[in-house]
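> Chains as they are written, first to last, in the numbering used here: chain A, 1 to 321; chain B, 1001 to 1327.
Hint data in this document are derived by calculation from the structure and do not stem from the laboratory. From a predicted model like this one, the values you see are computed outputs, not experimental measurements. Glycine is no exception: its CB is placed at the ideal position from the N, C-alpha and C atoms. Each hint should be verified, as a subset may be incorrect.
[As the list claims (entries may be wrong)] Straight line, CA to CA, 20 Å or less: simulated DMTMM-like cross-link-like pairs of lysine to aspartate or glutamate:
(1) K1003/B / E1294/B
(2) K229/A / E1113/B
(3) K236/A / E1113/B
[As the list claims (entries may be wrong)] Covered, in the sense of this in silico footprint (three residues per stretch, anywhere, with C-beta under 8 Å from a C-beta of chain B), are these stretches of chain A:
(4) 135–149
(5) 167–175
(6) 237–245
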Amino acid sequence: MTQFIIRRLLQSIPTLIGASIIIFLIFAMAPGDYVTSQLQNPKMTEERAAQLRALYGLDKPLPQRYISWASGVLKGDLGDSLLFKKPVIQVINDFIWNSFILGVAIMFFEWLIASIVGIYSAVRQYSVFDTIATLLVFILYSLPSFFLGLVMLKVFAVDLKWFPLGGMITTGSNYTGWAHIVDVAKHMVLPVATLTLISVGGLSRYFRANMLEVIKQDYIRTARAKGLKERTVIFKHALRNALLPLITLFTLELPSLFAGAMITERIFNWPGIGKVVLEGIYIRDYPLFLGYTMLITVLTILANILADVLYGVADPRVRLK
Amino acid sequence: MAKNLVEFRNLKTFFYTEEGVVKAVNDVSFSIREGETVCIVGESGCGKSVTALSLMRLIQSPPGKIEGGEIIFDGRDILKLSEAEMRRIRGNEIGMIFQEPMTSLNPVLTIGEQIMEPLMVHKLMTKKEAWNKAIELIKQVGIPRAEQIMTSYPHELSGGMRQRIMIAIALSCDPKLLIADEPTTALDVTIQAQILDLLRKIKQERNMALMLITHDLGIVAEIADYVVVMYAGKVIEEAPVRELFKNPKHPYTRGLLKAKPIIGQRQERLYTIPGQVPNPIGLGDYCYFSDRCEYAMDICRQKIPQLAADENGHKVACWLYEGEWKK
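With the hints as constraints, model all of the structure from the sequences given.
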């Protein structure tokens, strides 16, 4: 097993290099840079612009720029964010954990609700519950996050005043300990509810489809023929098999815990990495994008390896001997 | 004579599909006595498996539904039992093995776990007792290295071994009846013989009744006490095995026996019954075999013949024998 993981890690090095080149080229070739984003400033002259380009190394040829960036990355230096005037690593570290707690909460509720709805729909296929669940799920699935987010704000924050309008902590407060946790939790409710409702649809369909597929199998008939309780048949014999394909889905969703949600975080003014990166776009903060995108790339590759390992643990047929 | 263990009385199991109603089992009556081996013979789709699954009450619903009749098992009407009472019969008083050993075992559970399950549910054994009993069962079905097999997964075993495991599971609670639904069809010929020998041996040791579903007349000749021939959801002939092979009555049964290769007889081409099984949807009130029957008369296309017995207890549903009953 250790050998397998080491081999997979080594194999991912070329992937990473290729990905970094592509990411770098896409950002380098996109129109505009940090300097052009400052041109509306009336004090900016042609001369000053050229000076700035030289300062940030934007006047050098592409390969040279890539190598100087990549060698920095290898040393653990992602460069400085142009927006925050701070090292990119520090910026990411400042904001990513805010996104992470939001992501963990969303993932927890998403999987909890999707599994219950999906399994129950499959066991009672074409029942009233299944029909209503299917309808609701498709409505939620097709709603854009900015729309649902704004509706949530209007209803629960503006009209009912149950939850705060945005941010992560009450402005001007300095709660500590338990009070701080409760305050953050209150601010989390609306963004978490918005993103959970939108993502629960697709996942519950996966659960339903997998369960339906498994329930038709011969070994489920065998389990029933043994005289087992329906609960045992569904949760022990069927669910374990239905979960196998979902392991991949689950692990590949892990990087998104760190990715943040640009639009939703902006709507709810949540100080997460998604909102920060979105702000960075306006002033072409390429070092920040590059650092953020590379981080997600690395996490995605690691998640892939983890998916393979977990699949082996769960399914004896692909277990490594 | 031993008493009846199972009695099917006018069983009707229909499937409601989009194209129409399929009368998979249509007014079927026969019985299985204690300790007896009854073979249900017929080609694919004639309702053999559905009859067995109706007895286990494992018909997928929808689209299937048991529409009428009674199934008396050991003095109780199976169709009137509650789901909890039915669970106590399944796997405990009736064991069942299926056609496909490759897919009948759960791929993510160990063999041991799967054998121990019914023991712990029905016989209320502890894990330790169930483990020892499972090892004993694995040895009984003729698999060596039982301890190692207990912790193996189904994909590590061959088809023949998996079918033996299925038999071990079905036998675990000492059932009064074992249903074997084409247990050897998916296996190669040498393994087939071994599995049949095993079934026969176990049956004799335990004095258990065996309901064997097959389309292989070779197997019937080898193992059966009594034979029930089904065609398009109906029983068309039933008799003790010697009587049936010696004196087949229904033209369909005769056709089946003629279609069997005989050792020592060289034939260019095996006999086949002309025509095909009728489309099961929307069959009318006539003999379903009449289209393929060389003796078909006018009455065959107008009325359904009823099953009736001659003086030897040989039952047949065919208008050809109408005159004989009256004599």
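> Taking the hints in turn, state whether each one holds.
To see whether the hints hold, each was checked on the structure:
For the given pair, K1003/B sits about 39 Å from E1294/B by alpha-carbon distance, which is inconsistent with the 20 Å threshold. Restraint check for K229/A and E1113/B: satisfied, since their Cα atoms lie roughly 16 Å apart, inside the 20 Å limit. For the suggested pair K236/A and E1113/B, the alpha carbons sit about 11 Å apart, so the restraint of at most 20 Å is met. Coverage of a stretch by a chain is defined here by at least three residues with a beta carbon nearer than 8 Å to that chain's beta carbons; for the stretch 135–149 of chain A and chain B the count is 0, and the condition is violated.
With 0 residues carrying a beta carbon less than 8 Å from a beta carbon of chain B, the stretch 167–175 of chain A misses the three-residue requirement, and the given coverage is violated. Judged by the Cβ-Cβ criterion of 8 Å, the stretch 237–245 of chain A is covered by chain B as claimed, because 4 of its residues qualify and three suffice.
Violated hints for the displayed structure, listed by number in ascending order: 1, 4 and 5.
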